[in-house]
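Protein sequences appear in the order of chains A and B.
If you read the first sequence in full-length UniProt numbering, its first letter stands for residue 1, the second for the next number, and so on.
If you read the second sequence in full-length UniProt numbering, its first letter stands for residue 1, the second for the next number, and so on.
Source of the hints: derived by calculation from the structure; they are not laboratory data.
Hints may contain errors.
Going by beta-carbon spacing under 10 Å, a handful of chain B positions derived as facing chain A [unchecked claim]: (1) A76; (2) S101; (3) A104; (4) A105.
Simulated DEER-style distance windows between Cβ atoms [what the hints assert, rightly or not]: (5) B:D128 / A:I141: 53 to 59 Å; (6) B:S61 / A:Y74: 41 to 47 Å; (7) B:D128 / A:K21: 51 to 57 Å; (8) A:I72 / B:P97: 29 to 35 Å; (9) B:D55 / A:H108: 42 to 48 Å; (10) B:D128 / A:G109: 48 to 54 Å; (11) A:M125 / B:T32: 36 to 42 Å; (12) A:G64 / B:P97: 16 to 22 Å; (13) B:L57 / A:R117: 37 to 43 Å; (14) A:T99 / B:D128: 28 to 34 Å; (15) A:A107 / B:T32: 47 to 53 Å.
All residues carry an ideal CB built from backbone N, CA and C; glycine is no exception.
Residues per chain are reported as follows:
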Amino acid sequence: MVRIKERYLLVNIVYPPDPSKPAESSLPSHVVHHQPTTDKLTYQSLLKAIKTEVALLFGDYGSGSLDASLSIKYLSLATSTFIIRCPRAHYRMLWAALTFLHHVPIAHGSGRPCIFRVVRVSGTMRKAEEEAIRRAKRLIIAAQEEASCATSTLTDAHVLQEPLPTDITDESSDESMGEGDG
Amino acid sequence: MSQTTIPEADRSSTKKPRLDKSHDILTCTIKTPEFSYAHMELITDNTTAEAPSLDELQVKSYCTAALRQFLGLTGAGMPLDILKAEGAHCWVRVPRPDLGSFAAAITAWRGTTEDGAPCLLRVRRCSDWLGAMVGSEGQDRLWN
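So that you can see chain A by itself, here it is in the shape it has in the complex (with noise of 0.2 Å):
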């Protein structure tokens, strides 16, 4: 049977510490690299954005391929993340212009510098979503030990920051994620 295979990519929008400015002591660095994200970034004005890096990049036959299936199936900015869906063979089409955005795409004037961060490439939206709420617990987790570690004055060997997973690829859980698409 005939399917349309697609690919669901799970990104961050990590906003790193500018260098010119004295480090502010209080928050965690977690807190501060993930921090939610201004109310004026629509699906419209980050779609909009996604298209116009694309053909900047690759042109008509970026834009050919990519425009008309490219959507935001889930954007929140409390969390800064988003999930956006693509045709299976062109979603390093689509990585390749989020790492060449560096700012945040809002309607008018130009946003603040950040990261586009792809943590998750899967084939169904449940699996990302799943990876989303894993990743959010994490997050939170590792937050509060890096709080309690700052404030705490004896250092326990057992308090170490769990290192958030570099494997980005799911291939093992996904059942609709079939052979590598080369």
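Given the coordinates of chain A, assemble chain B onto it according to the supplied hints.
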């Protein structure tokens, strides 16, 4: 030069090895050549004036415009070498994996107007091997 091949069984027999009149000194198989070559011609509607002439800078600017429109920045960054530009013909070299994209970009290019006449670049021939491409130059004149 004929190349005779002796089966391995004969070589290992007790006969004296004889040197053939012709034997292979080196056998080399190239499965993936590094570059591909394309031969293009500038076509124009302008029948009254003299034939258009191309120079290397014109070829470079036309190809860059075509690649930029079709493939964006990644296309404009394709390493393109212009081997020769003579009259209305030019020969260029591109990396082998990019030949398909390059030919598609040139075909999709809408062309420019030169002295009021619209002109296009037409791909006459492209090949992985320069010798074969240049050597088969007059073939279409032979059969027409």
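Each hint tested on the structure:
{"no.": "1", "hint": "A76", "in the structure": "holds (9 Å)"}
{"no.": "2", "hint": "S101", "in the structure": "holds (8 Å)"}
{"no.": "3", "hint": "A104", "in the structure": "holds (8 Å)"}
{"no.": "4", "hint": "A105", "in the structure": "holds (8 Å)"}
{"no.": "5", "hint": "B:D128 / A:I141: 53 to 59 Å", "in the structure": "holds (57 Å)"}
{"no.": "6", "hint": "B:S61 / A:Y74: 41 to 47 Å", "in the structure": "holds (45 Å)"}
{"no.": "7", "hint": "B:D128 / A:K21: 51 to 57 Å", "in the structure": "holds (56 Å)"}
{"no.": "8", "hint": "A:I72 / B:P97: 29 to 35 Å", "in the structure": "holds (32 Å)"}
{"no.": "9", "hint": "B:D55 / A:H108: 42 to 48 Å", "in the structure": "holds (46 Å)"}
{"no.": "10", "hint": "B:D128 / A:G109: 48 to 54 Å", "in the structure": "holds (51 Å)"}
{"no.": "11", "hint": "A:M125 / B:T32: 36 to 42 Å", "in the structure": "holds (40 Å)"}
{"no.": "12", "hint": "A:G64 / B:P97: 16 to 22 Å", "in the structure": "holds (20 Å)"}
{"no.": "13", "hint": "B:L57 / A:R117: 37 to 43 Å", "in the structure": "holds (42 Å)"}
{"no.": "14", "hint": "A:T99 / B:D128: 28 to 34 Å", "in the structure": "holds (33 Å)"}
{"no.": "15", "hint": "A:A107 / B:T32: 47 to 53 Å", "in the structure": "holds (48 Å)"}
Violated hints for the displayed structure: none, as all numbered hints are satisfied.
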